[in-house]
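Here are the chains, one letter per residue:
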Amino acid sequence: MNGWLLALLQTGLMIAAAPLLSGWVKWCKCIFQNRQGAAPWQPYRDLGKLFRKEVVVAANASPIFRIAPYIVFSVTALACSVIPLVATGLPTSALADVIVLVGFFALGRFFLALAGMDIGTAFGGMGSSREMTISSLAEPAMLLAVFTLAMSVSSTNLSTMISTLLLRPFQLYPSFIFAAMGLVLVALAETGRIPVDNPATHLELTMIHEAMILEYCGRHLALMEWAAMIKLLLYSVLLVNLFVPWGIATSLTPMLIMSATLLLLGKLLLLGFALAAAESGLAKMRLFRVPQLLGLAFILSLLGMLSHVILEVR
Amino acid sequence: MNFAMLTLSEQLILTLAALILFSSFLLLAQSRMVSLIHTFAWQGALLFAATVLMASSSGHHHLFISAALTLGLKVFFIPWQLRRLVVRLDIRRSVETVGGPSLIMIAAGALTLFSYYVVLPIRELSLLATRNTIAISLAVILIGMLMIITRRKAVAQVIGFMSMENGLFFAAVVSTYGMPMVVELGVAFDVLVAAILFGIFFFQIRSGIGSLDVDHLNRLTEVDK
Amino acid sequence: MPLPIAQLAVVLALCSALLPPLFYRFRHLYKTLAFILLGLAGISAVFAGASALILRQAEQIILPVGLPWLRSHFALDPLAGFFLAIVGLITSVVAFYGPAYCREYEEDGQPLPPLTIFSGLFVSGMFLLTLAADAFSFMVSWELMSISSYFLVVYQHHRAENRSAAFIYLLMAQVGGLCILLGFGVLAGFGGGFAFSAMASAQLSPGWETIAFLLAFVGFGMKAGVVPLHVWLPQAHPVAPSHISALMSGVMLKVAVYGFIRFSYSLLGNFHWQWGVLVLIVGAASALLGVLYALMQHDLKRLLAYHSVENIGIIYIGLGLSMIFAGTGHPSLAALGLVAALYHCLNHALFKSLLFLGAGAVLQRSKQHDMEKMGGLIHRMPFTAGCFLIGCISISALPPFNGFVSEWLTFQAALQGPVLESGVLGSLIPVAAAVLALTGALAAACFVKVFGVVFLGLPRSVQAAAAVEASYGMRFAQAVLALCCLGFGVMPTWTVGVLSGISELLLHQGLPEATASGGLWLTPISPAAASYGAPMVLLGLALAWLITWLWFHPQRRRTPTRIAPPWDCGFGPLNARMQYTATAFSMPIRRIFSPVWPHKEELLPADAEQPERYSLQVGDWAWQKIYLPLGQLLLAAAKRAAMIQGGNIRVYLAYSFFTLLFILWVLV
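Going line by line, the protein sequences match chains H, C and Y. Letter 192 of the first sequence, counting from 1, is numbered 367 in our numbering, and no numbers are missing. Letter 22 of the second sequence, counting from 1, is numbered 729 in our numbering, and no numbers are missing. Letter 639 of the third sequence, counting from 1, is numbered 653 in our numbering, and no numbers are missing.
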């Protein structure tokens, strides 16, 4: 019972904390660019404002347009319950393994892209087309990277993977380095960060995610934006907990969980800082350079798997 | 032999081996001449690090000399020389491969797997913890050859040749603690001479056929088309 | 007990075929009655097949028909029962769909009797095929299925493209049939009999085993449509009537897979892992090329046909993994691969039929084949759109629907690659899994395109704007299949438990681990290695939805929803020509994977009648590089051979004379 309660609490915490990470990244970016940034909790204000606003729906919108924000948000929220945040062995983590998690992201994206095409604007179709193209290249790279880890610990359950890694003494696995690099590139593409997409852009022909949700406003837009923030947090937690798992609580004592939470907060803030630094330093790519980036991610994951087979087995 | 039983420095050498393989893939994928040369320098640096680690962990101190040679020649001198050449020949941005890049990448992956398959029986002969890297070295050699085949420009082919030599050197270092000193010095000297000779040849080829694209040498065929 | 019911199903299907000749004058009678009989046949087949599968019993009957020295053997075991149930399920659903759909042909003045006769024969051929237990009755039912489906493809024979598609189909079906016949010949030669039981006990040398396997692989692969034997499929499926396309794509391909499984698992049995590698590579190539070719199609039914190639590829990936594991001595993993493949057979039958039925409804109501002329149909056909959406989600392998479960199982089987001794194989298999992941992601992109262009946005033609919802029978058929898609997606544990009966029959190894953690959890290897709680996922989704909705619903009163014209960044009024088209949607993928298709992209200059316009033609490499040269070679050879046709009567007499002499010489 304790486990279920904790799982529910963890899910709620992740959903609630997601805007903070986005705000933190934005704030760090402002620092790097020598601007005075809005406070890290600014996204909460934005979301609150959007929720209070009037909702305008296009006249030719179909039911898909109206239900898509709810589906995207609930799928992302469900994904939160699957990822071990501060403790392993929660009952919800058996709900779905990492392949199902990728499936959750794909389901959310499917409806997001459909919503983009619903009104029939050129921008929406363009965003959907690009999003689906990029994700179809990113998904195999991600799965191959995950497979490398899964073969190393012979499990695809995130909770089991992390606890197996925690139990082992420190080893320098070449395959993990490659998998981590591949996964970072995939995460950049999937969460729509520079150099693939620009989260700050509006009304530019280069945008992907924003183009799909152009027609949304009010609480629909708020849900979509919030889901995107949660996705960023999910990928960050995934990266941090898979490759730097030290500190995660393996049993459910309050002391351990407290320290795990603090440690995770530190890691996430560091990761956000690094992301902001990378985003300030890099330029956005042309759309048709992105396949090369994702091809690199795929090669990295492939090399990870090959080096697992060649160097680590036997 | 379990991976977890290796010492940390041995694990680090294996990691460096994997990174050297990755740098070979990068060489194959680079389309710009200058970044190609930089990647080659990075491969040399990785090789240097692996040699130093091997020297310090195994106590074979003559490897330090090899490492120093690697650092001097492959990380600084040859890349610097090539870069100067490229600048003087003004081919900094040329993009030139034969066949689709993704196809070449797939071929490189298959070559890696193939060299693993070939090396399996040989591997049993070595007793070193790092013997698993023989497959990687062979893959680096084969990918270097693939690069020579798929590139049009002579400069890129030279880099492919040098990276083959890197693979050979790496194999010698990690599987048998390096070749005898005389051989190693000789090879290093050869590479140096080769680099200088190639430089001279580039100018000769270019003044002869007006381009560095080796496809233009097709004219030298015996059979008239 | 199940076998007599299966016989009843065959008899009912044959009766429906016999109705038109018997009651030629009473059109209304046979029109309705034929579909009722077909539906009853389907339901009894489902009943017979499912009970044989669940009860795990095998029955055999020897009928006093057939060749003088060979009575017809028929048998119903769990494997046959599974496929019989699939055929029956789709048949009964199609029987609901058919009457309303055929009304269109009636209005066009097309004769109904051939459609009715050959539908009945087609279905009974497939029933018989699953039941056949000797090579002779197997081949007879195989040809019955092939030839009756030929007549169904050529049904609208006034169109030239239908005739050529049907001809290619017939040709390839016959070549495939020949290969299968030869394969059976090898087995019968060593086993000393044409009954399957005799063939199964045949002792073959490894060389002959491989020859028999390759013959079966080509023969059944020709029918199943693996790359590069797929070229008939995208031509034949779109031109048949839609409910027949559903049967052909959803069921007939599965029957070919059934034949392949029967031949290699139950008749050959002794696996070589090299076969598995062949099947795996061909399967991966089919999956990837199938989806990539599908992405470039604009004809809705042709697109779906290419997706059949993709899904057959996924099934073959599962089978290939199973064969590799079986050949290297890992029977429990082999069982996992086999169950994944079988599960995908079921799923593909469900969602592909659903999509073809939906496409049929769209085609009938919008009078368009071309996706570029549809659009906005969700407003006019909401029910069809809802069912079609479920089909799209299922085929894109998204949780919690059924397509996901079978792909997940295939992934789990592939992740067990490292148990193999050979490191090369162990690293090839995860690459196949990555290809599968790419396939799934591209399929999702393709179905976003399909649903977005066909059902969303603004109507692109007058007919699409005037479409109305499909009739009740058609809607009911789609609803049943959509519910099945959800049901088999949410209850994988039960299904896997049932399917492991088949692997116990074929590999003597079930999947006890998969269902060990209770009905809610699917754990193919062990709970620690991987688990998927499909009902819990659905529950979680519903819960998350409910909470979100409860949270925001009260705000609806405070912030009312205003309906306004689309914003579109403030550009002028929107019209249908400004939307993204299907061609535009797939442009990035076309550019990234451009060597995959032979395509010609050009801008046609303006002339007196039309303004400047864009033209894109996408072909098929297999057709251009393999079949056309082969056809030319055959034609040239035929021209050479035609020299003996001198036209002179004395020459022909001389032929007869020499033949006579030859025969006399042989006899003496």
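Think of the hints as simulated: they come from the structure by calculation, not from any bench. All C-beta atoms in this analysis are idealised placements derived from N, C-alpha and C, irrespective of residue type, glycine included. Hints should not be assumed to be uniformly reliable.
Unchecked claim - Footprint (simulated), chain C over chain H, 3 or more residues, beta carbon under 8 Å:
1. 283-291
2. 348-360
To be verified - Here are the simulated distance ranges between beta carbons:
3. H/Gly456 x C/Ile907: 51 to 57 Å
4. Y/Leu497 x H/Trp179: 29 to 35 Å
5. H/Arg210 x Y/Val438: 50 to 56 Å
6. Y/Ile68 x H/Met460: 52 to 58 Å
7. Y/Leu553 x H/Arg210: 43 to 49 Å
8. Y/Ser608 x H/Leu445: 40 to 46 Å
9. H/Tyr219 x Y/Pro625: 32 to 38 Å
10. Y/Pro345 x C/Met888: 28 to 34 Å
11. H/Tyr219 x C/Arg795: 57 to 63 Å
12. Y/Val438 x C/Ile907: 51 to 57 Å
13. Y/Leu552 x H/Trp421: 46 to 52 Å
14. Y/Leu497 x C/Val825: 53 to 59 Å
15. C/Gly915 x H/Met460: 35 to 41 Å
Comparing the hints with the structure gives:
1. 283-291: violated (count 0)
2. 348-360: holds (count 5)
3. H/Gly456 x C/Ile907: 51 to 57 Å: About 40 Å separates the Cβ atoms of H/Gly456 and C/Ile907, which means 51 to 57 Å is violated.
4. Y/Leu497 x H/Trp179: 29 to 35 Å: Between Y/Leu497 and H/Trp179, where Cβ atoms are some 30 Å apart, the hint holds.
5. H/Arg210 x Y/Val438: 50 to 56 Å: 54 Å, holds
6. Y/Ile68 x H/Met460: 52 to 58 Å: Holds - the Cβ-Cβ distance for Y/Ile68 and H/Met460, about 55 Å, lies within 52 to 58 Å.
7. Y/Leu553 x H/Arg210: 43 to 49 Å: 46 Å, holds
8. Y/Ser608 x H/Leu445: 40 to 46 Å: Between Y/Ser608 and H/Leu445, where Cβ atoms are some 41 Å apart, the hint holds.
9. H/Tyr219 x Y/Pro625: 32 to 38 Å: Since the Cβ atoms of H/Tyr219 and Y/Pro625 sit about 52 Å apart, the hinted range of 32 to 38 Å is violated.
10. Y/Pro345 x C/Met888: 28 to 34 Å: 56 Å, violated
11. H/Tyr219 x C/Arg795: 57 to 63 Å: 59 Å, holds
12. Y/Val438 x C/Ile907: 51 to 57 Å: At roughly 44 Å between Cβ atoms, C/Ile907 and Y/Val438 fall outside 51 to 57 Å, so the hint is violated.
13. Y/Leu552 x H/Trp421: 46 to 52 Å: 35 Å, violated
14. Y/Leu497 x C/Val825: 53 to 59 Å: 54 Å, holds
15. C/Gly915 x H/Met460: 35 to 41 Å: Taking Cβ atoms as reference, C/Gly915 and H/Met460 lie about 40 Å apart, which means the hint holds.
Of the numbered hints listed earlier, those contradicted by the structure are 1, 3, 9, 10, 12, 13.
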